[in-house]
Amino acid sequence: MAFLYLLLGTFLSFVFLIILFVPMERVFPAQKGQAIFRKAWVLDLCYFLGQYLLWGSVVYFVLSYFADWLTGIVPSDFRTMLQSQAIWLQAIEAIILSDLLIYWGHRLQHKIPFLWRFHKVHHSAERLDWLAAHREHPLDSIYTVGLINLPMFILGFPMEVLAGVIAFRGIWAIYIHSNVRLPIGPLKKIIGSPELHHWHHHLDKNAGNYANISPLMDLLFGTYVCPDHEPEAVGIREDFSKNYIGQLVEPIVGKSRWDRFQDKFKR
Amino acid sequence: MIQNAIKVLTLGFFISMITGFVMYRTGAFDSTTASSALHTSPNGGELNNANQAPNSTGNLEINQQNTNEIMPSSKSLAPAIDLKKYEQEQKKELRMSSSKSMMLPNEFKIDVEDIKKEYVSSSKSMLHPIKVEPTASKLFKEDPEQIAKLQPKFSPTASDTKQDITSDPTKDHSIKSGEKEEIRKTSGVYWGLVGLGVLGIVFVGIGIFVYFRYKLR
Ligand SMILES: [Zn+2]
Ligand SMILES: [Zn+2]
Chain R
1 MAFLYLLLGT FLSFVFLIIL FVPMERVFPA QKGQAIFRKA WVLDLCYFLG QYLLWGSVVY
61 FVLSYFADWL TGIVPSDFRT MLQSQAIWLQ AIEAIILSDL LIYWGHRLQH KIPFLWRFHK
121 VHHSAERLDW LAAHREHPLD SIYTVGLINL PMFILGFPME VLAGVIAFRG IWAIYIHSNV
181 RLPIGPLKKI IGSPELHHWH HHLDKNAGNY ANISPLMDLL FGTYVCPDHE PEAVGIREDF
241 SKNYIGQLVE PIVGKSRWDR FQDKFKR
Chain L
268 MIQNAIKVLT LGFFISMITG FVMYRTGAFD STTASSALHT SPNGGELNNA NQAPNSTGNL
328 EINQQNTNEI MPSSKSLAPA IDLKKYEQEQ KKELRMSSSK SMMLPNEFKI DVEDIKKEYV
388 SSSKSMLHPI KVEPTASKLF KEDPEQIAKL QPKFSPTASD TKQDITSDPT KDHSIKSGEK
448 EEIRKTSGVY WGLVGLGVLG IVFVGIGIFV YFRYKLR
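Sequence lines, in order, name chains R and L.
Numbering-wise (the working numbering), the first sequence opens with residue 1 and increments by one.
Numbering-wise (the working numbering), the second sequence opens with residue 268 and increments by one.
Just so you know, the hints here were simulated from the structure itself, not pulled from any lab data.
Among the clues, some could well be false.
Label pairs and their computed distance ranges (CB to CB) [stated by the list, open to error]:
1) A295/L to G33/R: 37 to 43 Å
2) L278/L to P113/R: 39 to 45 Å
3) G294/L to I112/R: 35 to 41 Å
Where is the CB? At the ideal position from N, CA and C, for every residue including glycine.
Work out the full structure, taking the sequences as your base and the hints as a guide.
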């Protein structure tokens with residue numbers, strides 16, 4: 001029964017996202033010729049379903065324990081001190097710390113080979129749209145979701161207070177991947193947009209724009225990139241598995257082992 | 268002209284849908300906020316675990332009880348859903364779905380349910396001050412009588428009882444271990460904090476190193 005609820009929730013989310021993003025992608029396309037059922041659409045659908053039906057819960061489960069562990073080691077005095085601040089101040093602290101952590105965490109994902117192994121799954125998408133946003137290795141999810149929530153875990157901040165911010169951040173993360181080009185003028189320096197994040201997905205692994213919800217961190221640390229056109233190509237230059245299982249397993253076992261395994265399987 | 272109208276309408280629709288969604292998540296439309304406890308992945312995660320509530324209820328329920336008792340502040344992990352009420356409704360169903368290996372949190376819950384069952388069923392009788400597994404004791408938090416029934420596996424034989432009554436060392440030992448635990452806890456806090464600080468410094472250090480070493484665009 002619980003699984004049926006989950007299925008229903010997944011289906012409703014899927015429909016909601018289609019209704020939300022497909023008209024935008026039709027009316028304000030970044031890549032005009034890109035079809036809805038473009039190349040690797042099924043692969044990204046696998047990621048979508050995998051995330052909703054399986055990995056989302058696993059990530060949640062792992063982070064729940066991580067949060068408990070953290071709560072156990074942060075002295076209660078320190079926490080009481082933090083919690084004695086005004087709630088709006090705590091909220092601002094939590095958001096800024098989250099953004100700072102995720103910015104640097106993301107840059108490290110692009111710099112440290114071990115982290116890149118998992119993060120490149122997300123970058124392997126050669127067509128960007130709202131569905132491609134869901135292409136992400138579960139271990140990469142644990143890393144990013146863990147980082148973004150870390151300040152809240154430490155502060156013991158009641159996240160329900162930030163429900164609106166969290167919801168907006170979630171949906172906006174999908175939007176910035178959508179096949180939309182909608183210049184927003186000077187606002188683009190305050191709020192993240194597809195025109196910025198598409199450049200992050202450029203073939204150049206160090207293309208910049210590591211922040212997501214707001215490019216302020218990129219502006220601050222000099223990684224803000226905003227040409228007046230879309231990147232010619234997105235994806236990665238590396239040779240990487242093209243199927244769902246391969247993309248999940250290869251980062252864990254390494255390319256050579258995965259290739260050997262496939263060879264054996266073929267024979 | 269028509270094209271412009273379509274653009275304006277589409278944009279208006281998009282903005283109002285997002286506003287509506289955010290308002291829905293903050294609980295503006297009904298009494299049950301479906302607000303998520305976690306920020307989702309900035310790469311584009313789910314709609315904030317909106318659909319996960321049923322799935323992870325088991326997990327959440329346990330966490331909530333654990334943390335409410337020991338670490339109140341991690342309450343923040345529990346979504347603003349009436350979990351207890353939901354849990355009561357779903358208990359049986361969740362147990363039934365245990366065969367699905369996919370549903371990790373449910374499985375976890377089921378294990379605990381099984382423990383509970385085992386304890387409860389195997390001995391209804393003895394009241395004996397034996398320490399109960401922490402998780403189990405928290406599960407029975409609301410029903411102290413159940414705790415009392417948790418001796419099954421340790422239900423004292425005649426000799427055990429004798430020992431308990433006669434031998435003080437048992438008592439002493441329990442006190443000592445309690446003290447030890449306390450000591451371990453206090454020192455653990457500081458070591459944990461030091462570890463966390465070191466981790467933080469390493470993290471920031473690597474970040475600064477990467478920044479200046481590579482001077483990314
Ligand atoms: Zn990236
Ligand atoms: Zn992305």
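Going down the list of hints, with the structure as the test:
For the pair A295/L and G33/R, the beta carbons lie near 40 Å from each other, so the given range of 37 to 43 Å is met. The hint said 39 to 45 Å for the Cβ distance between L278/L and P113/R, and at roughly 42 Å that hint holds. For the pair G294/L and I112/R, the beta carbons lie near 40 Å from each other, so the given range of 35 to 41 Å is met.
No hint from the list above goes unmet by this structure.
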